[in-house]
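Trainee: Using the sequences and the hints given, assemble the complete structure.
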Amino acid sequence: MEQTGSPPIWRRPVTRRAVLAAGATGAAATAVAVLWKGDALGQVLNHIRDTTHGYQGVFASQRVRVAHLLRRAGFGATPAELDRYTAMGVTGASSALLNYQATSNQALEAALPSIDPATLAGGKGAGTIQAWWLQRMLQTARPLEERMTLFWHGLLTSGLDKVGPAPLFIQNQLFRTMALANFDDLLKAVSKDPAMMLYLDTETNRKGRPNENYARELMELFTTGIGHYTEDDVRESARAFTGWTLNTTPKDRRNATASSFVARYHDDGMKTFLGKTGNFTGDDIVEMLVPLRATAERLTARLFGFFAYPNPDPAIVHHLADVFQQNRYSIRAVVSEILAMDAFYSEQAYRSLVKSPAEFVAQSLRGLSGGAASPWTSGGRPASPSPSGGGQGGGAFRQAATAMAPMGQVLFYPPNVAGWPAGSSWINSSTLLSRVNFATALAQKAGSAASLDQLLATFVDGTVSPTTHDTLTQFAHDNPGASADLLSLTLSTPEFQLN
Amino acid sequence: MFSRRDFLKQGLLPVFAGSAVPTVFANGVAASAADSPNAPISDRVLVLVQLAGGNDGLNTVIPTQDGAYHDARPTLRVDAATALPLTASLGLHPNLKNLKARFDAGQLAIVQGVGYPSPNLSHFASMSIWETASVQGGIGDGWLGRYLNYLDQVGESPNHALEGLSVGPLIAPELRSQKTATAALQDIQSFRLQPLPSSGHGTPVDAENPLMKFYGAFHKTSPAPYGALLDTTLTEALTSSKALQATDKAYQPKATYPDRSPIASSLRLVAETLVSGLGVRVAHVTLGGFDNHSNEKPVHDRLLADLDAALGAFLLDLEGHGLADRVLIMTWSEFGRRVTENGSRGTDHGTAAPMFVLGAPVKGGLYGETPNLKALNNGNLQFTTDFRAVYATVLQGYLKAPASDLLGGDFGTIPLLKA
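Sequences listed follow chains E and H, in order. Going by the numbering used here, the first sequence opens with residue 83, and the numbers climb by one from there. Going by the numbering used here, the second sequence opens with residue 4, and the numbers climb by one from there.
Just so you know, these hints were derived from the structure itself, not from any lab. Treat the hints with care, since some could be wrong.
Claimed, not checked - Subject to a maximum C-alpha distance of 20 Å in a straight line, what follows is the list of computed SDA-like cross-link-like pairs (lysine to any residue):
{"#": "1", "chain 1": "E", "residue 1": "K244", "chain 2": "H", "residue 2": "N162"}
{"#": "2", "chain 1": "E", "residue 1": "K244", "chain 2": "H", "residue 2": "N298"}
{"#": "3", "chain 1": "H", "residue 1": "K300", "chain 2": "E", "residue 2": "R336"}
From a predicted model like this one, the values you see are computed outputs, not experimental measurements.
Mentor: The following block contains the structure:
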């Protein structure tokens, strides 16, 4: 790491001499000249500091490394959690996150409402499972497990537009159970998962009357991507996936929670797929797609983009694809590798992602001291009664889950089969206003007694642009006692919109 | 270089100073007040209606007398007796009653068999092709983003945050542009900045608003790629919310929009921005749910009924406000469906389908060739009109923009506009 001894430049006090020195060079001089006209010296000073601001050396702090890890491999941290993981060291923290089976999640399970899928069919079922999942994100002792569940939901999509809450609830648990499984095993399970069968129509894919929907998206979106198969491959593999049916009456299809294989529905004729001919089943198709290099590169690039930064160098993808293929398509091996890479802790990675609404809401609530003790979800204002009955504040979780909608994300309701587009598409005038208004509403409900320094340390690693810092400091000075406002403003900073 | 962000920021200053309508919006407001039967080019608005998922063209404009259609759709065919007749051999889906009335009034052009060479049957690849008007697709500027850039270049941009308006949570890719920021809007009521809780600080937008300071400074640092985007977006949000709140109370719809219909709410919102004169040049609304691989009929019937009712109300509303001459509506979908229904009482991905071009500026009628159901390619229709010819017609004929430059080629035009 560069930068160890002296504080990074944007934290050093800026002297007039430094300003003049900086102003004397190149483009900065022009900028100063422009700014100088009619502008106060203070603004010029800020401009110089802002343009020289960067994230060099930010990872010199172990606490920042761990906070970054918990934002990427989890949903942020309460101050107490951050203390606990920092004490483990970065390697220890990664290892604890990865080997989450060793961590009891008993407290969460006890706090969660118990959900009987049979009762989810009514109008409130969607809200119930959304609140349930957000509560998991906030209170889990196994952050990576929950994070990977969200990853799979965004890749192997199914949604409420076509599927009832009960099968989606079952699918969500499948993703959690197999969060770090081998990819071929996961795809085989997903192919027979009732929610997926409903969403991409394998439930009505029958011998002699094939339905191409699942076969196409399996290749285009879940494995190789476009360009590695033909329309004939789509048609032939659709035949291979025939035979699976939902254990339900036609009237109750949307709420099916189990599936089974019926031999007479299966087309057991010969199929030609990717140049091979045989009496293939759906599992055979998965076994032919997963080993392909295109699958390895596409999936590992997506995982890297989810955890580290978008558009990685081909060498990184190449390496991760090797790891994937050499470890029998183990997702655990790939994620473990990503979290150990220097690239994961590089300046290129720092704040290189836009928080999704789920991350924005969950990190806001967790940071409040979150999860269980959060005033939003338990104390403070009484939570509205939860129809799902469970634990404390089901209604509040429901409210928070609903607040994501105007930010562009509704859990269990991706916009289409390709899931949510990430990155800059989360940011537009409408969604940004919704984020700021959420921060204000949250601050109003939760209140805050935290100092500015505490807020910045909790939410933005204490690392913000000089102007953000000065503006907040000035605001705190001008508005004594307005701690809730400081909380709202901290959650509204551009820094906190990034991850 | 004077950026659009800078321009909008300057536009904010009069807002801070407390004037009700900032100068940057004055042109838009004046233009709507001075509505004329021959709308000046600068007042013309294009409204795109995306039918997402792949609309079943054969069950939208129905070849009622074609035995091949009858045979290919044993459970899904629309009965010739119920279709709303357009010609002796073609009918509209029975739920498209308002569109039929507009067709009879000479305000609906139906372009048949629209597609492109080597059709792509992936939703996302095909959407991208339509959105970028490039058969390579990709993530470049949308075709209307390029149009907005063009307006900027020739000095005709209204420089308003709502110049390109996407209704919904995301920016429509057609409007995407590296140079021109566009707005996404879901509803006007929630599109305002709430005051801070304890100090009450932060009247919706004011010069001392800390947010303006954060975002304005942050974009100058570039350790991450999002600084400029965040700053521009915040400025757009504050500018357009301020403008919308100032005019919100003025709008009274002149038609009854259906309740609980997202597409109707979307079009109502577009009407509101148009009536309020907020500088909208291109608006995009989406009706999703057309990917009916199974049990298509009830879903498709309902979607078309929703579409028809919403468009009917929208047109009445525009007419009531004297805006109908300024607005052209165009529907599109990434592809049609397979000719032969599948075993799930649904249809798989297909190719060519009709487009609707609707409104007072249109010379109604049927355009293009009806696709031949007996000359299929892999079970799919062969297109007869390139979608870029429809785009070129709208760009060149209606918006008076250089279509060949914006589309990267000459695709011809279709005489579907009034002279």
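Trainee: If a hint holds in the structure, say so; if it does not, say that too.
Mentor: Taking the hints in turn, this is what the structure says about them:
no. : hint            : verdict
1   : E:K244 x H:N162 : violated (41 Å)
2   : E:K244 x H:N298 : holds (11 Å)
3   : H:K300 x E:R336 : holds (17 Å)
Checked against the numbered hints above, the structure violates only hint 1.
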